[in-house]
Amino acid sequence: MADTSRVTPLPASVPVLSPVTLLRLVIILTVLAVWEFLSHSGWLYRDVVPSLLAIGRAMFDLLAHGEYYFNLAVTAGEVGAALAIGGSLGLVVGIVLGANRFLSKAFESYLYYLGPTPKIIFFPIMIMWFGVGPGSKIALGTLSCFFPVALSAAAGMRQIDKVLIRVGNSFRASTAQMVFKIYLPAMRHPIINGVRLGLGVALIGTLLAETKLSNKGIGFLIIQAYSIFDMPRMYAMLIVLFVLSIGANSVVGRLGGLDSIKRS
Amino acid sequence: MTSTPHNPANTDILVVDDVVVRFETQEGPVIAVDHVSFGVRQGEFLSVIGPSGCGKSTLFNVIGGLIGHTSGVVSVGGETINSPHQSIGMVFREESTFPWRSVTDNVAFPLELIGMPKAQRIERARHFISLVGLDGFENRYPNELSGGMRQRVSLARTLASEPKILLMDEPFAALDEQTRLLLGDKVLQIQQQLKQTTLLITHNITEAVQMSDRILVMTYRPGKVKRIVDIDLPRPRTSEIVGSEAFGRYVAQIWADLREEASRGMRDEEEHALHHVSTT
Ligand SMILES: Nc1ncnc2c1ncn2[C@@H]1O[C@H](COP(=O)(O)OP(=O)(O)O)[C@@H](O)[C@H]1O
Ligand SMILES: [Mg+2]
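Just so you know, the protein sequences line up as chains A and B, in that order.
Each residue of the first sequence is one higher than the one before, counting from 281 in the numbering used here.
Each residue of the second sequence is one higher than the one before, counting from 392 in the numbering used here.
Take every hint as true, because none was put in to throw you off.
Calculated Cβ distances over 10 Å to all of chain B for the following chain A residues:
#, residue
1, Gly322
2, Trp409
3, Val412
4, Val531
No farther apart than 27 Å at their CA atoms in a straight line, the calculated lysine-lysine pairs in the BS3-like style are these:
#, chain 1, residue 1, chain 2, residue 2
5, A, Lys385, A, Lys442
6, A, Lys461, B, Lys555
7, B, Lys586, B, Lys555
8, B, Lys509, B, Lys555
9, B, Lys555, B, Lys615
10, A, Lys461, B, Lys509
11, B, Lys555, A, Lys442
12, B, Lys577, B, Lys555
13, A, Lys442, A, Lys461
Simulated from the structure, these hints should not be mistaken for lab results.
In this text, a Cβ means the ideal position worked out from N, Cα and C, and glycines have one as well.
Looking at chain A on its own, in the form it has when it is part of the complex:
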């Protein structure tokens, strides 16, 4: 926020690394060193802990071929679709529950029970309904991200400052204007939080489904590499996936930080 930058001037040019960064670097380097030591020690089965060099080579291989990007696009598309469908359904249901005490009493406890249930148990049903292709993955991802978004939206709806609603009514705002100009912006923080959680579980749901039964997507590639015991390739994919998830999460966080909706 503009105020804070005035109070604590940003460190424009820091000559040395901060202690936190330094500690992080030390930890990462230590892990890498131990890993490399283990891979050469011969204590474990060969290739369970491949050398860093082998992983690096596998990663280069991976990123140099179109096949990986195709599967990445498949998974990204599935997660995106899941987030779009589950997120909007969750938003609508959350707003309705948040606005209506009767419906909230009747149904909200189900959301709390079903929310933490591992959605993978519904995968067989999803396969029967939507087939073995991307459809069942999207369905599982949708199911996963619906709950956190719906629960955050319902809670967010209830914490809206009531006077803002009265202001909207006094200016005779229509229902659509109330939703888009007051409810949604007033709920921006809980909604962004819900979408963040939703993205995480949509990613988990989709990938888990891919590893169970599929013929494309990142989950499929990982499980394929595992089944032919190509450990360097598997580790390379895990690392790339890890980096991508962090990126996706920070993109959602950044969206939440947009100037127009950031002000609290």
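Fit chain B with the ligands to the given chain A structure using the hints.
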């Protein structure tokens, strides 16, 4: 001292006629507004004053069309009010700016709702921002402003909808004394400049006497009209007037009325509390 009759005349722009508001609570019905009648004249500044809990905010919400009333009629320019009316602009006691909108976008809000083109509504918003003395703060956000400035944004936002009647419920209540005085001067100045018909709800006697053409004193529960007092003081009313003898007489008269009601309210609340203690 002159007191006008309570009955509204048909030249009044806003008419409150025999309005009753009853709330059903667990402890039985509460009559918040009891057969209240009065009228607001075109261009006048009318204050409603009364002890806390006497039904002022309830009256405010009924006139604003935000809550219904049990019986009676509220009408503006001859039209009966059952829901918010475009001729009435409300300013709330609570902090009510939209934190996600800049000052300009806050003030332009009512214009946005009626679909005014962007360039035009920004120009209108600028005009009202300037009117409340917030030039230079157009692009700031509410969290960068003081409480008094935020209340001025709310005022500008309501004025931007160009209401025939400006209706305010203790708009200065949450502010410190200095800010309150300065903002009071601002409101008075704007009201005179725009010849804005204004209905101010307050519990501050000095404020009411300084600003008003007439003051309506309410009784403690059930809220009835106790008296309507004409304030015959010259305008423009600068702070000097506060020290004058005439001003002092008005304050004393209204305080006498109000003290009676306020102490009745206090006794009532004490008894209520005692009753609660003895039954639990
Ligand atoms: N929604 C409501 N339900 C029940 N009682 C209410 C409600 N709103 C106000 N009251 C009661 O009506 C009376 C008048 O309240 P209010 O209009 O807020 O008074 P004031 O603004 O003069 O302090 C109070 O006794 C209050 O408890
Ligand atoms: Mg009140």
